[in-house]
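Undergrad: In case you want the letters, here they are:
Number of protein chains: 2
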Amino acid sequence: MSRQIEVCLSPVMVPHYQMAGRIVVVIDIFRASSSICYGIDNGAHAIIPVATVDECLSYADKGFLLAAERNGEVVEGFNFGNSPYSYTAEKVKGQTVVLTTTNGTFAIQQAKQADQIVLGSFLNLTSICNWLIAQDKDVLLLCSGWKNKFNLEDTLFAGAVVHQIKKSFSHFCDAAIAAEDLYLQAQSDLRGYLLKSSHSQRLKELNIENDIQFCLKQDCCQAIPGLVGDRLVDIK
Amino acid sequence: MSRQIEVCLSPVMVPHYQMAGRIVVVIDIFRASSSICYGIDNGAHAIIPVATVDECLSYADKGFLLAAERNGEVVEGFNFGNSPYSYTAEKVKGQTVVLTTTNGTFAIQQAKQADQIVLGSFLNLTSICNWLIAQDKDVLLLCSGWKNKFNLEDTLFAGAVVHQIKKSFSHFCDAAIAAEDLYLQAQSDLRGYLLKSSHSQRLKELNIENDIQFCLKQDCCQAIPGLVGDRLVDIK
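Residue numbers (the working numbering), protein chains in the order written: chain A, 1 to 236; chain B, 1001 to 1236.
Next up, chain A with everything else stripped away, as it sits in the complex (with noise of 0.2 Å):
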């Protein structure tokens, strides 16, 4: 057994990983990949994670729910915004949803190589941890960061991640190992931790603070939103 898992602290960094023959775990917390697990988990029949309003929009008419948020507000004529809140199986239960994400579409598209791309969250922590350990194969955590730069709470999730799945790997990164060990410091409390991060600064401004809480939720998902052609689907 010489299984390997790797942390990729940024998207840019990716062109420096192998992608061939691996599962990448694309990492998004705030809020793209959380409000995707439960989106998926409450019944949307597929997700499809585009980068700008512009591309959200030209999916206009075609049946779909569209989301699309700038600063913090939803942009007028679009369904919803990127909050979980918006992901209720009420609102997405049976719907294929079309939503912008920039972080979290950019990391997707740099992951194209994969054997399979799925999106994991603290929602389905559990749950992909599991069916990342039945895989059989090579991990690499893909942090999608902001604005290119490495972030404190999709690392946290990799550590997390590191930390439940360790025992079936045998070679791990030096970002794994830190990502991890950031994660045990920080795991008694995520909110208290993240609140010293600039990130958390800016999300403040944003006043989102209920999302964040819910974005820090654990195990409240089973679902494995993966890849398939240009849709997230349940292949669990």
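Source of the hints: derived by calculation from the structure; they are not laboratory data. Take the hints with a grain of salt, since some may be wrong.
Stated by the list, open to error - Taking lysine-lysine and the DSBU-like style, the derived pairs with C-alpha atoms no more than 35 Å apart in a straight line are:
| no. | chain 1 | residue 1 | chain 2 | residue 2 |
| --- | --- | --- | --- | --- |
| 1 | B | K1112 | A | K147 |
| 2 | B | K1112 | A | K196 |
| 3 | A | K196 | A | K62 |
| 4 | B | K1217 | B | K1091 |
| 5 | A | K166 | B | K1091 |
| 6 | B | K1112 | A | K112 |
| 7 | B | K1112 | B | K1217 |
| 8 | B | K1196 | A | K166 |
| 9 | A | K204 | B | K1137 |
| 10 | B | K1196 | A | K236 |
| 11 | B | K1091 | A | K196 |
| 12 | A | K167 | A | K137 |
| 13 | B | K1217 | B | K1147 |
| 14 | B | K1217 | A | K166 |
| 15 | A | K112 | A | K91 |
| 16 | A | K204 | A | K91 |
Keep in mind it's a predicted model, so treat the numbers as computed, not measured.
Once you have looked at the hints, place chain B on chain A.
TA: Showing chain B alone in chain A's frame:
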């Protein structure tokens, strides 16, 4: 007062950071930045960092000492390699050394837009921290990493600097926060902490344990190696 510290965890992320107007500290703990700090502190007139053995060879017969090492062995025809033990006063005092280093030289090249590039290592930790505080500029700590990926030892040093200078700064990126927390976790036994790193396994194969121990010594040097033209000289 609104001075900022950022930490860039890999040279490939440099395009996403501001360089102009800032001091950039290039970090390559095992072993380029450590050997350079030690050599300059021991009275080397200058050290010229180059990327390749061929580039190093182009300085032959000009009165320089040539340092090149590949796979832990001094390249044939060169005066010495990258071990800090080659940079004693006896060997380098009054001399100009041309040194090949892949990760470190790449990082220096990436930071060319900075107001001033300096080299940091545990050997000159307190000295460079005091110097940074006195400059009254924003600081970017640039980890050379390993083959463009994150490594633990450069990040731990960045964290040590953040820890020592943060009272004079008011803004910190997420990577600075993470680096400091990792350093605080590791500081009581840096060598022990690094034993679990993948890089450490690789270094063990190179049989340079004495060099590693030496590179983790704190505050045995006062030099501030700064880039002036293509040369590193003491700018203290």
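Undergrad: Under the constraints set out in the numbered hints, which ones does this structure not fulfil?
TA: Violated hints: 3, 5 and 11; rest satisfied.
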